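**Q** Just so you know, the protein sequences line up as chains P and R, in that order. For the first sequence, the numbering used here gives the first residue as 735, with consecutive numbering after it. For the second sequence, the numbering used here gives the first residue as 251, with consecutive numbering after it.
The set of hints was computed from the structure by calculation and includes no laboratory data. Zero decoy hints are in this set.
The list that follows gives simulated cross-link-like pairs (lysine to any residue, SDA-like), each with its CA atoms no further than 20 Å apart:
#, chain 1, residue 1, chain 2, residue 2
1, R, Lys-288, P, Tyr-839
2, P, Lys-791, R, Pro-347
3, R, Lys-288, P, Pro-842
4, R, Lys-360, P, Glu-778
Example chain P residues on the side facing chain R (calculated, C-beta under 10 Å, incomplete):
#, residue
5, Val-738
6, Arg-743
7, Ser-792
8, Glu-831
9, Gly-841
10, Gly-843
For clarity, every value in this text was computed on a predicted model and none was experimentally measured. Just so it is clear, CB atoms sit at the ideal spot from N, CA and C, and this is done for glycine as well.
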Amino acid sequence: DTGVSQDPRHKITKRGQNVTFRCDPISEHNRLYWYRQTLGQGPEFLTYFQNEAQLEKSRLLSDRFSAERPKGSFSTLEIQRTEQGDSAMYLCASSFEQGLPDTQYFGPGTRLTVL
Amino acid sequence: AQKVTQAQTEISVVEKEDVTLDCVYETRDTTYYLFWYKQPPSGELVFLIRRNSFDEQNEISGRYSWNFQKSTSSFNFTITASQVVDSAVYFCALSEPITQGGSEKLVFGKGTKLTVNP
Numbered sequence: 735d736t737g738v739s740q741d742p743r744h745k746i747t748k749r750g751q752n753v754t755f756r757c758d759p760i761s762e763h764n765r766l767y768w769y770r771q772t773l774g775q776g777p778e779f780l781t782y783f784q785n786e787a788q789l790e791k792s793r794l795l796s797d798r799f800s801a802e803r804p805k806g807s808f809s810t811l812e813i814q815r816t817e818q819g820d821s822a823m824y825l826c827a828s829s830f831e832q833g834l835p836d837t838q839y840f841g842p843g844t845r846l847t848v849l
Numbered sequence: 251a252q253k254v255t256q257a258q259t260e261i262s263v264v265e266k267e268d269v270t271l272d273c274v275y276e277t278r279d280t281t282y283y284l285f286w287y288k289q290p291p292s293g294e295l296v297f298l299i300r301r302n303s304f305d306e307q308n309e310i311s312g313r314y315s316w317n318f319q320k321s322t323s324s325f326n327f328t329i330t331a332s333q334v335v336d337s338a339v340y341f342c343a344l345s346e347p348i349t350q351g352g353s354e355k356l357v358f359g360k361g362t363k364l365t366v367n368p
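So here's chain P without its partners, still in its complex pose (with noise of 0.2 Å):
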């Protein structure tokens, strides 16, 4: 059984271009979750797909980041016009719905590093 996998592993940019980080979630999984963790930080929560709907954003994700999950497999998030404070390690999740609760495994993570 594949795990969930993230690309790029590792992504270095400089202040204001565009980054993408794709998201493979375990092959039956249907809920994916996207989290930022910067260091000595725990995770926190940035948005939530059940197939290819999200259906709650939090409000550290800013006009700045998109995140989409076309067709209700992997997922994309984006973010336009990188901010140093964006540098962070950003970690995808996915879970299968089978009654509360969920399960989530985790991606091995993008880090990102803004310059």
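Following the hints, position chain R against chain P.
**A** Chain R in isolation, oriented as in the chain P frame:
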């Protein structure tokens, strides 16, 4: 809003010692779920356990055990006979309902970095 406090920022022990990681939570929900995850240096969060608020039985899995006490809002994690491979950051998390879709998001503590020295 949910809150999780892990007061121990870093713990260092010698191999074979027992170690307990503390977790205290705040919630107004009557039904909720608690989790522990392990984050090794590679960065991936590894699921360890989930516990619902109605089940206060302690759980043991090999060298790991968990003590859930609703009266003190605590969900502590003990590693018995620690090993070098246990070195990681450990996160406690609390579920918070997502309005639509019937799922839950996780609210994490800041983590406890455990170093097990040979």
